[in-house]
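J.: Single-letter residue listing:
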Amino acid sequence: MWRFIAHRVVYTALTLAAVSLVSFLIIQLPPGDFLTSLAGKMAEQGGDLDSASLAGLKARYGLDQPWYIQYWRWITGILLHGDFGQSFEWNKPVSELLWDRMGMTLLLSLVTLIVTWMLALPIGIYSAVRRYSLLDYVVTFLGFIGLAIPSFLLSLALMYILSRYAGMSVGGLFSPAYVNAPWSWAKLVDLAAHLWLPVLILSTSGTAALIRVMRANLIDELHKPYVQTARANGLGEMELLFKYPVRVALNPFVSTIGWVLPHLFSGAVIVSVVLSLPTAGPLLLSALLAQDMYLAGSFILILSALTVIGTLLSDLLLAWLDPRVRYQ
Amino acid sequence: MISSQRALGRAILYLSIGCGVLGIPELTMRAALAADYKEAPSLAKEVAAGKLPPVAERLPTNPLVVKPVNSIGSYGGTWRQALVGASDGLLERTIGYTRLVRWDPQWTGVVPDVAESYSANSDGTVYTFKLRKGIKWSDGTPFTADDILFWYNDILMNKEITPAVPRWLRSGNDPVVVSKVDDETIQFSFKSPNGMLLYYLASNIGSDILAGSPAHYLKKFHKAYNPDVDQLVKAAGAPSWVALIQAKVGNWQSPDRWRDAARPVLDPWKLTVPYTGTTQVVAERNPYYFKVDPEGNQLPYIDRVTYDVMGDVQSVILKATNGGLDMQAQRLNSLETGMVLAAHREQGGYKLFKVQPAWSNGMLICLNQTVKNPVLRQVFQNKDFRIGLSLAINRDEINDILYAGQSRPYQAVPRPGTALYDEKLATQYTQFDVKAANAALDRTGFTKRDDQGYRIGPDGKRIAFSIDVQTARKDHIDALELIRKYWKAVGIDMQPKPIESSFAVARMLANDQEGLVWIGGGGYDFLGLLDPKWYFPYENQSAFGSAWGIYYQNPKDPNAEEPPAWAKKQQDLYTELLKTVSDEGKLALMRQILAITGEEFPVIGTDMDPDNYGVVKTNFHNVPDIMPDTAFYVTPGPTNPEQYFMK
Amino acid sequence: MTDATATGGLSPPRRKLVELGQWGLIYRRFRKHKLAYWSGFIVLAIYAVALFAEFVAPYSSDRYNPRYIYSPPQMLKMFGRDQNGDLALLYVNGYKVELDPVALQRRFVIDESRVYPVGFFVKGEPYHLFGLIPAERHLIGPVDPDAPMYLWGTDRLGRDLLSRTIHGTRISMSIGLVGVTISLVLGILLGGISGYYGGWADQAVQRTIDFLKSIPTIPLWMGLAAAIPDRMDPLLVYFWITVILSLIGWTDLARVVRGRFLSLKTEDFVMAARLDGCSRQRVIWHHMVPSFTSHIVASVTLAIPAMILAETSLSFLGIGLKPPVVSWGVLLKDAQSLLALTQAPWLFLPGIPVVVAVLALNFLGDGIRDAADPYS
Amino acid sequence: MRLTPIPDAGLGVPPVPRPAAEPQDLLFEVENLKVHFATDDGLVRAVDGVTFGIPRAKTVCIVGESGSGKSITGRSLMNLLPHTARIVDGHVLYHPEPGRTIDIGKLDPRGKPIRALRGKDVSFISQEPMAALSPVHTIGQQMVPVISRHLKLGRREATERAAAMLARVGIPKPAERLGSYPFEFSGGMRQRVCIALALSCRPKLVIADEPTTALDVTTQANIIDLLVELQEESGLSILFITHDLGVVAEVASDVVVMYLGKVVERGSVEEIFHDPRHPYTRALLRSVPRLGAGRDTRLAAIRGMVPSPFDRPKGCDFHPRCDFAIAGTCDVTAPPDVALGGSRSVRCVLPEAIRPPVQRAETPPSSTQRTLRHG
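Chains as they are written, first to last, in the working numbering: chain V, 1 to 328; chain U, 1 to 647; chain X, 1 to 376; chain W, 1 to 375.
Isolated chain V (complex conformation) (with noise of 0.2 Å):
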């Protein structure tokens, strides 16, 4: 076991290297850099920006450098001592722009997986036992209404509504009293009061998907042979279907696991665009509109880091779980 974890460590670190590379120039591709995305923006509002001040800004930028140079002293930045560079818009160090973030960013995905989780899988498993019942269709239905209508829109007219006649707070995760408030249990309370907007948004979208794996699955398991002898052996249907077919039918979902990582970390990026939430997805977002590069190619490398780390997890997750891929 311990010469196959090794054996993906070192792959591992190759696809990052690989990675990285690709993400940098990922974000040269479009034409132009940083300044001019800034005098873009500028010329928006009717300023410009005169090219004796553009000259300057690009040597302190280091822009002028060829673009193998500017990787190669992002990338030694970050191994030798864990400097991811400095984001241009922002002007602070990537590191504690993307930590500002983390927490929010974990905290709403992770509740998101959960929720998705619990409601997919009940239903999931329902839809399959009690096929072409009522019932399947109705809570069918509403899982694919989830998925179905843009998250966009559900965001935006959920935001408006809410607003307007609930009175809640346009946008962010906190009442403009507890915004900038020290942690209090009432700043707690605050927060799942506006928590559950964006989790709902998400989670209907995640769950319509899972619902139906988990439904296919399941009722390929559900008329094997071994199902039969543990009804046999007087199993009740709940605990023999929790305890085998289920058991089995989860293997799809381990193999995909691994990817829920990467999502964890950058979130749902549109929904926190509409809803203003503070969490890493716009930081994304702007990032790469403005061509923000070690912003953007810190994000994307520590996405595919985790990525990677999530492929590896769920290699592992799949052997626990199915026994005759652990003996191969």
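No lab work stands behind these hints: they were computed from the structure.
Do not rely on the hints blindly, as some may be mistaken.
Label-pair restraints from in silico Cβ distances [claimed, not checked]:
(1) V:Leu21 - X:Leu25: 50 to 56 Å
(2) X:Thr208 - V:Leu188: 55 to 61 Å
(3) V:Pro176 - U:Ala510: 41 to 47 Å
(4) X:Phe41 - U:Lys488: 22 to 28 Å
All values derive from a computational prediction rather than experimental measurement.
In this text, a Cβ means the ideal position worked out from N, Cα and C, and glycines have one as well.
Fit chains U, X and W to the given chain V structure using the hints.
T.: Relative to the frame of chain V, chains U, X and W by itself:
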């Protein structure tokens, strides 16, 4: 020499009248108020507790008296606003507009601010500013001429911090020389006459001086004054001390300086919670603010200003319609939003105030006469081609569709009611006349048409080109769709190309664009002077001739090209304008430039940009009913937010 | 005594069953899943509309009418008297204009008095069906071509929302199909190989998956959207991007296929197939893949709606399809504003076909999945 | 056509009918059981009035072609039917001890009482050893909870008992193998595990639904020997469902022949083998390959196919394939079930089928079984 003397005399007279409106009554009032200044209750408590010196000691010997728009206000209240994203300029515009000299609210001239008075020598090479005696920073440290010298010697002229002195502080390649006459007086000396200094000082670009002046605070971050600055650098995680101090001073293009709550300011409010993008930004009253109202109450009236950081403009509009914004126009100033705001006035508990765009045109169309494709270059440089295209546009229909009939056909020239307004320039070729359009296009010689009715260009192929348009400007995209149909009718194939604004600018820098639509700058007089890029090839963003514009800025730039005679003449006229001190002189030269623009017709205008609206709550007072809306005017700065009050 | 020939001896119903063959059986079982059955019809209808968009839609997608900006939807009514008195079987009411000077708005209100007869197969704007056959008949439309018939109201340019939605169907329902198929084929093939062969092949595929999976789609999409030459038609740009992204889109399915292959490898029927001397390809395609067609069908039917929704999200971010191209995503992007929410809620109507299409496709997928499952 | 007497089925010694087992020592009594399925194409009367008894410590074989309803009958004894099936009539009476009776047919299939019986009083061995055990659980994880629940034992005792059972069914190093997974066993070994699982709670009846069909002949013989040994040792009854007459001959003490949901003939193994009455039984016996019957003789197959449950022939179900069908009677009226004394009965109208049994010399049953196997 004589003409300039008379011009100088008139200028001084003009300027004094300008401040006279405020100055003369001001003189009488100050004498009476010397003793009994009043202050905000919250500060009175701190004075009683001994944490603050009494108000008379906090104010300069003669504080600036601000005449309220309607009435004397009362202290208290929180002014709620909203930002979008990471680099919103609203802080600079609302609580950051403190300058040596500032625009007057009606944008007709420049008035004293931190400088008690100012004067210029006859040929506009030396400007003298007298600072207010006893004026203090927000942390109580006195503000003297030495602070300005620190900015000049240790920030502007320090090659590491400012690699290149900005254009407006240079004459040719020689930077300005700033010298101290006495503790309260400084002088700006230029090698050659500089007529635009006061305008730049008053506009958004001028903020860098006072931002770089708190010497006592910035010395900590300056290697010359603090040898072990490296600890501070490591603590802040900055790459170098230069980057750290640049972040502290910031520049007018980015809100860096608003990410540091400790920075001493001369503004009405000082930051308590900085702009980090995840939490709300908060600013509270500056106890040492140097302005009072005619009854001697120290300004500002409003205690606290908050800015919610939003991710998307729609959330800002939603906040406004729910009454969550007390007074704001930024991000709400579009036609479509105007409709929504108008419909929710009762529910939001607010009124609308007009913000007049300073644009010369709602959407102007540039065909790049220095485009790299030789065929298109030959076609675009033909004046009749541009006239034909202009006549083919049905401006009334665009007005109906895009501006709900609130606008009128207009070319890209100064707005009516300004000194530079010219009836002929404004209305030439704006009538919708397909027959005349085809006649003009026939005059260009491209009369043959292909099977689909498109005219054949000099190379035997159909004349076809793309026009860049910002994806964010939905109205421009719609207008271009309509124009594509109008031009198809007269045989010209145009393909709109929606792209991100930063990419559009990148293409202009490299002179890659074939055509571009943009909002027309230079509608107001001063804006015309400060931002002439649509009247003659001034820089790369003059999209109708980017290569010529680049030439004007830097003839040696690889993308630069020698402009034709008419454009060269305009460039020379503008260079001379920069040296003219008197406004009359400048305006006269600008009229000559505009005459050539009218004759050559390089840019096609569509309709005037209709007025937009901001929201102001019913309990929020002293806000003018109309104000100009542009970054140069730093809306709403010049309307003295310190005298706004809530009751 | 009845004769006992091979099939003659079978009773009629038994013979019918035998002859149906596998697909026949699947169809019979499929009919049992009522919802899926009707979803099948809906999906067919949607693709039919996509095919005959020009014919079905009353107007072309970019026909604008400055007189009717932001006008509300009209109700289709029966039995009205039009101006010159004769009976109109189907008709719609016209509009009255109320000018609200303060709110800068010309508000349109339904004017009961005006009657515009509506007919089927009426003459309207000429078009080329499939780009070839010149025609001008429209399924439904105002009898008098200039009369305003806007069943779903109009947008900010006075363009008929129903027509634009119908034209949008063509793009939204088809643009991603190529991409989905490429992802599907690659997913099964590479997933299969990696699961079946194991060893270095598995490592190679897994590492490529890690690599591809970690490239975030949004920045790649932005980079490609900006890098593609400027004068290429925006539709082609979008098409090429979907194809490129499908080259990295197969990773999810590949992972799942690999997981199932690993579990199935130990099943005896696979061993038996190999013992029979089947080539590896044959084992993968004929023995292993059918055993989890249900999962593949489930993920395919999820992929198409996911593609439709992805298109709407990308349009929201401003990097997907852009005007003048018309798609559901572009239409919904216009609805993404408070103006729409408060003043023109009918701008959300294009959301309905998105929801219907996604639901229909998913239920159809379920139906097929259940029917194709040999055990149930 | 006359009924030609069957040669002596190559058994050498004529069978001697034993006195039918008295009713009171029956473990299970199935009376007129009817089980119907609701399918897409209509109602299927899978089990259409079946009656037979299972004596204690005896093995009853149900034999019949596929589709005859034998599996459904077997599973009805545990009331373990697919969810589309219903017991519509008749009783399944279970006598744990003489005098106490439980009608299993009436119990709620998902209720607690029936679940207490399943695995404890009555257990089940399925046909596909391959898939009868969960692929992702170890043998121990699947056996121990059943044992501890039914026998109210702690984990440790239950594990010991499981290991003992594995040893008993001939699995080497049982304690260790409890931790291994089903896919680590061969087909035969896996069936042994299933048997261990089935017998782990000392059930009174084991329903073996074609337990050896999926196995090769040698493993089949081992499994059958194992079952017989366990039966003699613990006195449990076995309901053996098969279509293989060779197995019947080896294992059964009583035989029930089913065709299209009905019992066409019933009796002791000797009676059935030596004095088959129903033409279907006789045809089945004829189609069994004989040792030493020479290579050139063709196997006698029963002509035609089992008719579709939706299209039952009129009158006697078997008449279309019966060589002795009497036109006018067999294809008109369904034959009654004629009792021939004791547990012997036949459902036919042919005179030679329903004539009274002839007394034969008493021969010890085990010898016949052994001769069959080694003959």
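J.: All hints are to be evaluated individually against the structure, with a verdict given for each.
T.: Okay, the hints, checked on the actual structure:
1. V:Leu21 - X:Leu25: 50 to 56 Å: Holds: the Cβ-Cβ distance is about 53 Å, inside 50 to 56 Å.
2. X:Thr208 - V:Leu188: 55 to 61 Å: At 44 Å between Cβs, range violated.
3. V:Pro176 - U:Ala510: 41 to 47 Å: Because 45 Å falls inside the window, the suggested range holds.
4. X:Phe41 - U:Lys488: 22 to 28 Å: 41 Å, violated
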